[in-house]
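First to last, the protein sequences are chains A and B. In terms of my numbering, the first sequence opens at residue 14 and continues consecutively. In terms of my numbering, the second sequence opens at residue 9 and continues consecutively.
Careful, some of the hints might be misleading.
[To be verified] Derived Cβ-Cβ restraints for the label pairs, each shown as a range: (1) B:166 with A:339: 38 to 46 Å; (2) A:266 with B:131: 21 to 29 Å; (3) A:266 with B:239: 55 to 63 Å.
[Stated by the list, open to error] Selected chain A positions facing chain B (in silico; Cβ < 7 Å): (4) 33; (5) 108; (6) 261; (7) 262; (8) 266; (9) 274; (10) 306; (11) 310; (12) 431; (13) 438.
In case anyone wonders, no lab produced these hints; they're calculated from the structure. Built from N, CA and C at the ideal position, the CB exists for glycine as well.
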Amino acid sequence: MGGTGITESVQSTSMDIDAATLRFITCGSVDDGKSTLIGRLLHESRSIFADQLSALETDSKQYGTQGERIDFALLVDGLQAEREQGITIDVAYRFFSTDRRKFIVADTPGHEQYTRNMATGASTAELAILLVDARKGLLTQTRRHSRIVAMMGIRHVVLAINKMDMVHFDAAVFKSIESQYREFCVGLNFSTLIAIPLSALEGDNVYVRSSNTPWYPGPTLIDYLNSIDTAADDPTENAATSLRLPVQYINRPHQDFRGVCGRIAAGVVKVGEKVCILPSGVCTTVKEIFVGELESAMRSAGESVTLTFADDVDVGRGDVIASAEFPAEVADQFGARLLWLAAHPMIPGRPYWLKLHCKEVTATITEIKYCEDVDTGTRQVAKTLALNEIAMVNISMSQPVVFEPYSRNRTLGGFILIDKLTSATVGAGMLEFALRRASNIQWQKLDINKQAREFIKQQNARCIWFTGLSGAGKSTIANLLEKQLHANGKHTYILDGDNVRHGLNRDLGFTEADRVENIRRVGEVAKLMVDAGLIVLVSFISPFAAERQLARGLFSDGEFLEVFVDSPIEECERRDAKGLYAKARRGELKNFTGIDSLYQPPTEPDIHLFTSDMSAEACAKFIMDRLG
Amino acid sequence: MISGLRLLEAESMEIFREAIVSARRPVLMYSIGKDSSVMLHLAKKAFFPAKPPLPLLHVDTTWKFREMYAHRARVAAESGMELIVHTNSAALGAGINPFTHGSSYYTDVMKTEALKQVLDERQFDVVFGGARRDEEKSRAKERIFSFRSAGHRWDPKAQRPELWNLYNTHIKPGESIRVYPLSNWTEFDVWQYIKQEVIPVVPLYFAKLRPVVVRDGGWIMVDDDRLPLLPGEKPQMQSVRFRTLGCYPLSGAIESVATTLDALIDETLASQFSERQGRRIDTDKPGSMEKKKQDGYF
Ligand SMILES: Nc1nc2c(ncn2[C@@H]2O[C@H](COP(=O)(O)OP(=O)(O)O)[C@@H](O)[C@H]2O)c(=O)[nH]1
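Can you build the whole structure from these sequences, using the hints too?
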């Protein structure tokens, strides 16, 4: 009744509280025995409590596959849906410890459609246990998982050859699978690999050395996990590694304190050290280092710190504090490896959010170099990327980011892609190299405003307002000008009387009030387009000086160019391309400008074109030159 | 690379900062227990010298231990943070209590419903909780940034993949995020950290002579005179303590003489029972916690 059930005194309190935690992932095909193995590890390390065990007994009777025996797999298949279907559908994290070490296990499913979960589990793991069913040997899934493990940067692998009891603990079976695997994984860049013969179900070589495998001289699984040193070849561990600290948060409780918060991704940070802020490249000196209220002289990789600097420098989220001597690279175009995680395919050219350390930018895949067949490792051409496919791609970002190749630093090289519409995480990628260095390190932080839009179009937004009598040549000149601008790569749009009167201004006639409203609306539309960064050509008779003045007032200085297309009325009437003058003279058109409605010529136009003396081409060229 | 508690602490601080950056209306679920205490301590560390930029929220069933209320008042005063206390007052007025209505219905109304009420009312979009993955099987599969649909539902099959420490914090309209900074901590880690950082916790975690009665094979503490005694029940003094704290009529005590943190840590390590053993709601039937979570329970 309610007792704690203390059976023996445990010395584990003496375990160093900072003892290295090993994070590993288990993977393999369905039914290779992952869940059984994890259940066994938890059980043997006495991480399963009595009440959990009794719940397990109940569950075993209801869902188990082991008859009256306890099915350890049920212990880790946590979700109801999984127990009913007898499969594992998501990454689960398990905890156990020995007197040497603490372990966090990412348990990931073997089903192909859940490969993305495996990548998720692998992303935070230092070691992988790959399960193989001794009866089946290496399967497609084993190879696929090995490639994902390698791609995610895991360098330590245990090949757990399981169900040895089913093959009579035959050494030949074990050795053949081991040698096949060693051959296969050449080139996957693992720094350690060990094969261990197991029976997860019976416990052979998990915690206890098996008497069934006298031919196997190596360690048991737990001995191996207890002793492996994964830090030894970790590049971020290297004492010579330079400081990298992505800025996560600016802490500004009052005027006198400006803390720069983040987690050290590599190297150490020291008080008095010269550092530079990337991408701006501005240098300063570390003044104070805090973890909570505790101040210290030095902190190292993995720690969450708050820094203050000697100078009042400009620094924000997404910047990286780096050693001034060896700053990190900054670029906006990369070669990267990409794993697609979404059912909806990846389409090159489509913009996604890209999150790399604390930086979020817009990115597009500009090219799929090749798709990698995870089963054979061969390369194929591809136009799109489907769920679980892996490809080498070129990627272009809306602004330069600070990075390191993923192989050197997971934090500075690993990124996710987020769908802009659904907000789903659709891709995971690893930057390999910059395609070109960003030319402009001194990057200005851009809000998405008119300047930003102009910048991306490489032009100055303008409103070029053509005024003049009907038939003066406004539209002809505007069209010629637009062609030239377009040929020069400029982004343009023409608003003319006809296209606007057919739509937006369909409800307006030619009374003076309607003419005023007509111009007002066109002015507003032109203003929106200029704000969008376009060069807008407005071709309207716009007879009244007051309305043209009103339109000019909508724009900033120099943005609005009034072009007076000056042709004598006799000349216009002689051309009469649309037969309007004739109609007006016959009285069939009321309020026609120049006949029975007033035209007020501009007194100080920005450009005054006399069409009697100049061809339309010459007029267009004249404006072109003025635009520069 | 740092390891052990230092690593866990650094990760949790990173999670706090990342979630706060994307939050419009963040809140910290403060349930007065040891996990909440550790969570609050980590929040203070992450934002020092500023106060953590979020209020504390306690969903109060009115049936907590008296010592818990006292502790809550101390902590709120000392932290200087706003404390929001919410009770499902309609249900309280209707007389819902843990005895007549059964623990499962009571929990649903006074905790799950009450939580949804206050989250909706205050439009909190980022809600920090102290849940750990080692607590329960369905928790082991939950992300650190766990999304809830408009009705606070959790869809375990539609979770966003969570790679590295890169959290996708884009919230769609109507959605909210539950953020669990202690996801990778174990019960043992929590106690070790409380010891290392000298974090104050409710004294009920330590053994002391307390008035208790035996119920359903467990010790229930007679914390005030609201506990209806069954025929033949007579409070007796026992040296007991609690591994988890909740509503006193539903929290089973364990016999113990552990009056210090070291003794308590030794006991935790040696225990053959999980900390949830004393809680009634998990054992109703297989998958009951998963079901609760889908409905919006923390
Ligand atoms: N004979 C034998 N059966 C095993 C062994 N390991 C697992 N199994 C059985 O193989 C089946 C699938 O195991 P499970 O752990 O659920 O596989 P998972 O899909 O990889 O998680 C279960 O019926 C296990 O009991 C083993 O070492 N020997």
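Results of checking the hints against the structure:
1. Between residue 166 of chain B and residue 339 of chain A the beta carbon distance is about 43 Å. The supplied range of 38 to 46 Å therefore holds.
2. Checked against the hint of 21 to 29 Å, the pair residue 266 of chain A and residue 131 of chain B passes, with Cβ atoms roughly 25 Å apart.
3. The hinted window of 55 to 63 Å between residue 266 of chain A and residue 239 of chain B holds, with their beta carbons roughly 59 Å apart.
4. Given hint, residue 33 of chain A at the interface with chain B, holds; its Cβ is 5 Å from that chain's nearest Cβ, closer than 7 Å.
5. For residue 108 of chain A, the suggested interface contact is upheld, since its CB lies about 4 Å from the closest CB of chain B, less than 7 Å.
6. Against a cut-off of 7 Å between C-beta atoms, the interface hint on residue 261 of chain A holds, since the closest Cβ of chain B lies about 5 Å away.
7. Checking residue 262 of chain A against chain B: minimum C-beta separation of about 4 Å stays under 7 Å; hint holds.
8. Nearest Cβ of chain B to the Cβ of residue 266 of chain A: about 4 Å, under the 7 Å cut. The hint holds.
9. Against a cut-off of 7 Å between C-beta atoms, the interface hint on residue 274 of chain A holds, since the closest Cβ of chain B lies about 6 Å away.
10. Interface hint status for residue 306 of chain A: upheld, as the beta-carbon distance to the closest one in chain B is roughly 5 Å, under 7 Å.
11. The interface hint given for residue 310 of chain A is broken, as the beta carbon of that residue sits about 16 Å from the closest beta carbon of chain B, more than 7 Å.
12. For residue 431 of chain A, the suggested interface contact is upheld, since its CB lies about 5 Å from the closest CB of chain B, less than 7 Å.
13. Of the supplied interface hints, the one on residue 438 of chain A holds, with its beta-carbon coming within about 5 Å of a beta-carbon of chain B, less than 7 Å.
The structure does not agree with numbered hint 11 stated previously, though it agrees with all others.
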